[in-house]
Structures are given as C-alpha cells and as structure tokens.
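*Asks:* One letter stands for each residue in the lines below.
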Amino acid sequence: MKRLTEELPEGFEATLLRAGQGGEPPPDRQRRALEAALGVVAASSAAPLALKAGVAAATKPSGVVGAAVALGWKAVAVTAVAVVASAAAATYVWNGPSAAPKSTVALPAPPMSPPTAAPARAVDDPPHAPVAAPRVAAPPSAPSAATVARAVAGPPSDPAAEVSAAEISALDDARTAVESRRPADAVRALDAYDARFPHGSLAKEAALVRIQALVDLGDRPEALRRARELTAAPNSDGLYRARLRRILGSDAVP
Amino acid sequence: MSPPSSDTQQRFREMFDAHYPFIWRQLRRLGVPDEGVDDAAQELFMIAARRMGDIRVGAERAFLFGVARRVAADARRSRAVRPVAAGGVPDEQADAGPNPEQALGNQRARKILGQVLDEMQDDTREAFVLFELEQLSKSEVAAVLGVPEGTAASRLRRARDEFMAIAQRTKARLGIPLGTAS
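Top to bottom, those sequences are chains S and U.
Throughout the first sequence, residue numbering follows this note's numbering, covering 59 to 312 in sequence.
Throughout the second sequence, residue numbering follows this note's numbering, covering 17 to 198 in sequence.
Any given hint might turn out to be false.
Below, a sample of chain U positions facing chain S; criterion: calculated Cβ distance under 8 Å [what the hints assert, rightly or not]:
(1) Trp40
(2) Met62
(3) Leu129
(4) Met180
(5) Ala181
Label-pair distances were calculated between CB atoms; the ranges are [unchecked claim]:
(6) S/Ala291 / U/Pro164: 49 to 59 Å
(7) U/Gly121 / S/Pro279: 51 to 61 Å
(8) S/Arg61 / U/Pro164: 32 to 42 Å
(9) U/Arg93 / S/Asp309: 47 to 57 Å
(10) S/Ala291 / U/Arg174: 13 to 23 Å
(11) U/Gly74 / S/Ala253: 46 to 56 Å
(12) U/Gln151 / S/Asp231: 39 to 49 Å
(13) S/Asp249 / U/Arg93: 34 to 44 Å
Below, a list of computed lysine to any residue pairs in the SDA-like style, where the Cα atoms sit at most 25 Å apart [said to hold, decoys possible]:
(14) U/Lys127 / S/Glu65
(15) S/Lys60 / U/Ile182
(16) U/Lys154 / U/Arg176
(17) U/Lys127 / S/Asp249
(18) U/Lys127 / U/Arg92
(19) S/Lys60 / U/Arg173
(20) U/Lys154 / S/Asp86
(21) U/Lys127 / U/Ile182
(22) U/Lys154 / S/Leu92
(23) U/Lys127 / S/Ala250
(24) S/Lys60 / S/Pro84
(25) U/Lys127 / U/Gln151
(26) U/Lys154 / U/Glu165
(27) S/Lys60 / U/Glu178
(28) S/Lys60 / U/Arg92
(29) U/Lys154 / S/Phe255
(30) U/Lys154 / U/Ala181
(31) U/Lys127 / U/Glu165
(32) S/Lys60 / U/Glu165
(33) U/Lys154 / U/Asp177
(34) S/Lys60 / U/Gln184
(35) U/Lys154 / U/Ser170
(36) U/Lys154 / U/Glu178
(37) U/Lys127 / S/Leu62
(38) U/Lys154 / U/Arg126
(39) U/Lys154 / U/Asp138
(40) S/Lys60 / U/Ser153
No lab work stands behind these hints, which were simulated from the structure alone.
Using N, Cα and C, we set each Cβ at its ideal position, and we do this for glycine too.
Whole structure, please, built from the sequences with the hints as guidance.
*Replies:* Encoded structure:
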C-alpha cells in the first residue's frame, strides 16, 4: 500500500500531511521526563518500606492520582507525581473537567501484547532521525497532563490517598516557591511540611527541595550539610546524588 | 508489584529512549494541544515506569500507544465542549493564491491537519496517523494497534477515504480553489 504523499505528492492534502510528519520533542523536556520517570522507578522501590511503617504510600502514582481526585480535581496532579520523582521545575494546574464520571477515570488496559503474529518491535527507533537542534520548551501549563492523570485515576475513596494528597500539597507549596524564586517562602513551607509530616514518605524529596532553596538563599554551607545527611541516609540511591550534583556541583557530592 | 531491580531500570531507560519521541509525536497528532504535549508525555512515561512489570517485553510500544490514545481522546473531548465558531477554523482562512504550499505555512497547515484529524473516526485516525504521518509499515501499524494485519489494512483504506473527504471539505471552507490544490 502506497502512502498518500507518494500518490499525491502535491496539493492541499500533501501539504497537510507533510506538515504533520516528523517532529522531535524538546531535548530539555525529554530529559526532565526521563528524570521524573526514573524517580518513579526509584520511589517504587521505597514504597513497601513506607507502607510497612504505616506511612501513606504517596510514592505510588495511583495513590497520588487518587489524591488529586480527592482534592476535587484542582490538585496539581502531575506535579503530585513529579514531587515524588524529580526536580523537574514545572507546576501543572488543571482547571478541571466538566465532570469526572467513573467511566472516564478507569484506564482500560492497553494491549499488553501484540495479538497477531507480527509482534511490535519494542526497541524500534522512530523512523525519523533525531534532530539535534534545541527547541524552546513549552510553557508549563498543561491541561492535557492532568488529562493523563484523569485517565488513570480511580475514585476518590482511598483514605490513604487523602493523606497522600495533603503531604503532596504541602510539599508542592515548597516546590512552587522555589520555582518562583521565593526561597525563603520555600523554607517556611518545608518547615511546615516537616512539622506536619515528620516521617513523610516524601521526606527525601523535601530534603532536595530544601537544599535547592538553601542554595538560592546563599546558605551553601547548610545546603552541603543537608546534602551529606541525605546521601548518608539508607536507600540513598544514585538518582538523588545525580540531582544533588546538579544543585551543588559535581565536586560537592561524591 | 515487586521492587524494581536495576534490570527494570535499565529496561525502562531503553524503552524511554526508544519510544519517547514516537509517543510525543502521537500525542500531538492525536489531539493533545501543543502546549500540553510535553507534560502529557512526561506523565505517560511516569505511569509506564510504575507499570513496567505489566508491560510485556516486545509490547512496549503498543502499551505506550494504548495509553496515549486514551490521553488524546480525553483531550479531544475536553476541547469539544468549548464553543467553536461556525466553520470550525475561524482563524484559518487561507490567503488567496494558486499554490497551497504558499497559501499555507507549515504551522497553519499543521493546525488545519489537526482539525481534519479531529473529524475522523477514532479507529481510522489512529491507523492513518501511524501509517501516513509516522510512516510505519502496515504490519507495524497492526502491532501497535493490537489488531490483525487485515483489520489494519481495512482501517487504512477507510481512513484514506475519510481523510480525503474531510480535507476536501476543509479546503472548500478555507476558500482554496479546488482545482489548484488537488
């Protein structure tokens, strides 16, 4: 079967089709997405410990998304997950759908395996060669990102999710302050977070946000001291170290 | 879900590198607004990161596309409730001119393409996008959609007819002379 652009190389339709071909994501956003997702992988490994300690499993995206539902869909659903996972500096606010009926919150299972004799080539490269030219990142507002959350959300009936929502919201205040270059507000928000969630399941993420805020305030010695505490903590994995290096410089973090 | 091992992380990394650009493009083509594509792609892969244990080796792209198509469907529904001026493309009146390539800048063409795709049926749109825009083979389209190859071929034929009909209507609506652009 020939493609339309081969059969109709010129004309209105061909113009439209050529305009829709190709395209590469902004490299910086792709990198941030990778960091955030790897953070989810790392956080997932810590979740069982948190659960054992009776802490709400806020590191589980389903709980986080459920929490977003519990907050009346005005929660920053994507940030809620990103808070767990990454230093991605973006806040996503969704203004809410017209409704969140049950039928829209269940994620129908996507195909787990190809049903035919022609399996998907899982590691196929996209047919278009990557373009190295940097592009300007899109602004952080993203109704569609919340749509993703809505697509996988469950009903807001899980009490643990509500606890998670409170913790996420508290930490998100701090993150937003850092991103808005209000480090003093961020530290205050983190103090409030620590007081309210002394054994929070997002404590490491909070520590990272605090370190960034301290650097922004010019208190590098305290930032370094807290970085040492963080890297000495159990289950301190390479992801945290990598993020600390970006905040403090590679020389400061072993 | 068992704790992810370094193998899981490695596998995720490979999946991400192999498919992030693909998924990013499909989200954009299937109806997620441009300003939300980056965030939607990020969230989608965060979901995938958590569900690695559920994704069969070799079926990663189909899994990711399965999530992407639902995300895009939500985005289209969300846009559908907004008031739209009669004609559907109020700001896309093309400049009069004999050459559609000149009349439509690439950005405008992509926007109009999005509107044409919006009018297509879900199943035909997905097949069309994968074949005509992503330029996958017919068997690859079938694998990504999780349908037999014959079904994919049938959808592609219907998709082509549908696309051509909608494109013609759109062209007339935009005031591009039919004789010069077909």
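*Asks:* Now tell me, hint by hint, if it's right for this structure.
*Replies:* So, going through the hints one by one against the coordinates:
no., hint, verdict
1, Trp40, "holds, 4 Å"
2, Met62, "holds, 5 Å"
3, Leu129, "holds, 4 Å"
4, Met180, "holds, 7 Å"
5, Ala181, "violated, 11 Å"
6, S/Ala291 / U/Pro164: 49 to 59 Å, "holds, 52 Å"
7, U/Gly121 / S/Pro279: 51 to 61 Å, "holds, 54 Å"
8, S/Arg61 / U/Pro164: 32 to 42 Å, "violated, 21 Å"
9, U/Arg93 / S/Asp309: 47 to 57 Å, "holds, 51 Å"
10, S/Ala291 / U/Arg174: 13 to 23 Å, "violated, 58 Å"
11, U/Gly74 / S/Ala253: 46 to 56 Å, "holds, 49 Å"
12, U/Gln151 / S/Asp231: 39 to 49 Å, "holds, 46 Å"
13, S/Asp249 / U/Arg93: 34 to 44 Å, "holds, 42 Å"
14, U/Lys127 / S/Glu65, "holds, 23 Å"
15, S/Lys60 / U/Ile182, "holds, 20 Å"
16, U/Lys154 / U/Arg176, "holds, 14 Å"
17, U/Lys127 / S/Asp249, "violated, 47 Å"
18, U/Lys127 / U/Arg92, "holds, 14 Å"
19, S/Lys60 / U/Arg173, "holds, 11 Å"
20, U/Lys154 / S/Asp86, "violated, 33 Å"
21, U/Lys127 / U/Ile182, "holds, 14 Å"
22, U/Lys154 / S/Leu92, "violated, 30 Å"
23, U/Lys127 / S/Ala250, "violated, 46 Å"
24, S/Lys60 / S/Pro84, "violated, 31 Å"
25, U/Lys127 / U/Gln151, "holds, 20 Å"
26, U/Lys154 / U/Glu165, "holds, 7 Å"
27, S/Lys60 / U/Glu178, "holds, 16 Å"
28, S/Lys60 / U/Arg92, "violated, 29 Å"
29, U/Lys154 / S/Phe255, "violated, 53 Å"
30, U/Lys154 / U/Ala181, "holds, 22 Å"
31, U/Lys127 / U/Glu165, "violated, 30 Å"
32, S/Lys60 / U/Glu165, "holds, 16 Å"
33, U/Lys154 / U/Asp177, "holds, 17 Å"
34, S/Lys60 / U/Gln184, "holds, 20 Å"
35, U/Lys154 / U/Ser170, "holds, 10 Å"
36, U/Lys154 / U/Glu178, "holds, 18 Å"
37, U/Lys127 / S/Leu62, "holds, 19 Å"
38, U/Lys154 / U/Arg126, "holds, 24 Å"
39, U/Lys154 / U/Asp138, "holds, 18 Å"
40, S/Lys60 / U/Ser153, "holds, 10 Å"
Hint check: violations occur at hints 5, 8, 10, 17, 20, 22, 23, 24, 28, 29, 31; the rest are consistent with the structure.
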